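J.: Using the sequences and the accompanying hints, generate a full structural model.
Sequence lines, in order, name chains A and B. Going by the numbering used here, the first sequence wraps up at 230, each residue one higher than the last. Going by the numbering used here, the second sequence wraps up at 230, each residue one higher than the last.
I should point out that these hints are in silico values taken from the structure, not numbers from a laboratory. Treat the hints with caution; some may be incorrect.
Chain copies aren't distinguished; within one or between two, either way the pair holds.
[What the hints assert, rightly or not] With a straight-line cut-off of 27 angstroms between C-alpha atoms, the simulated BS3-like cross-links for lysine-lysine are:
1. Lys-207 with Lys-176
2. Lys-207 with Lys-141
3. Lys-207 with Lys-197
4. Lys-181 with Lys-197
5. Lys-197 with Lys-176
These numbers were taken from a predicted model, which means no experiment stands behind them.
Protein chains: 2
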Amino acid sequence: MSLALAESPWPENLTPLKGVDNLLRCGICFDYFNIAMIIPQCSHNYCSLCIRKFLSYKTQCPTCRVTVTEPDLKNNRILDELVKTFNSARYQLFQAVLDSPPISPPT
Amino acid sequence: MSLALAESPWPENLTPLKGVDNLLRCGICFDYFNIAMIIPQCSHNYCSLCIRKFLSYKTQCPTCRVTVTEPDLKNNRILDELVKTFNSARYQLFQAVLDSPPISPPT
Ligand SMILES: [Zn+2]
Ligand SMILES: [Zn+2]
Ligand SMILES: [Zn+2]
Ligand SMILES: [Zn+2]
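T.: See below:
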C-alpha cells in the first residue's frame with residue numbers, strides 16, 4: 124500500500140473495520156504485528172523484535188506482567204497472515220471508496 | 124447476526140474481506156473459531172472442542188501431522204476477539220450495502 128493511502132483516515136462507511144485494525148496492532152510499537160509472537164501463558168501477542176527487546180530489559184509481559192522468558196515465545200503465524208490479508212482488503216476497499224462519487228457534497 | 128444475514132452471500136464490493144473471513148475459520152468444522160486453541164509447536168489453530176475430539180482419536184495436528192497431546196494446546200484469545208469484532212463489522216457493512224440502492228439493476 125502507498126504510504127499516503129496507509130496513513131489516510133478511514134472513510135466513514137468503512138469505520139466498522141477499525142476494531143479489526145486495532146486488534147492486529149502490537150501493544151509495544153502500535154504498528155501491525157511484524158512476525159507475531161504469542162506468550163502462551165497469558166495469550167498476549169507482540170512483534171518478535173518488540174517483545175524480545177522488552178524481555179531483555181524486564182522478564183514479564185508488558186500487558187499483564189506474568190513472568191516470561193524468551194524461550195516461552197511461540198510464533199502466532201495466523202496473525203501474520205491476517206495482517207497481510209486484512210491490509211490487502213483494506214487497500215482494495217479504500218480504493219473503491221476513493222474511486223466512487225462522494226455521498227454528500229464536499230464542503 | 125440473524126441467520127439469514129450470516130448465510131447471505133458477500134456483496135460484490137465487500138469480497139476483498141472474504142480472505143479475512145476464511146482465516147478466522149476452523150479447519151475441522153469450517154465455522155468461525157469457537158474458543159480458539161493454538162498448537163504452539165506448529166502454530167495451527169482450531170476450536171477447543173474440535174481439536175480435543177480429534178486428539179482423543181489421533182494425537183497429531185490434523186493439518187501438518189506434528190505430534191500433539193491435549194496439554195500442548197494453549198488459548199489463542201486474540202482469535203476469539205477477532206471473530207467477534209470481524210462479525211460485528213461484517214454485520215454493519217452488510218446492512219449498509221443492503222440499505223443502499225443497487226449499483227446495477229436487479230435481473
Ligand atoms: Zn511491535
Ligand atoms: Zn500477558
Ligand atoms: Zn471448529
Ligand atoms: Zn499443525
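J.: Now tell me if each hint is right for this structure.
T.: Results of checking the hints against the structure:
no. : hint                 : verdict
1   : Lys-207 with Lys-176 : within (24 angstroms within a copy, 31 angstroms between copies)
2   : Lys-207 with Lys-141 : both (16 angstroms within a copy, 13 angstroms between copies)
3   : Lys-207 with Lys-197 : both (19 angstroms within a copy, 24 angstroms between copies)
4   : Lys-181 with Lys-197 : both (18 angstroms within a copy, 23 angstroms between copies)
5   : Lys-197 with Lys-176 : both (15 angstroms within a copy, 24 angstroms between copies)
Checked against the numbered hints above, the structure violates none of them.
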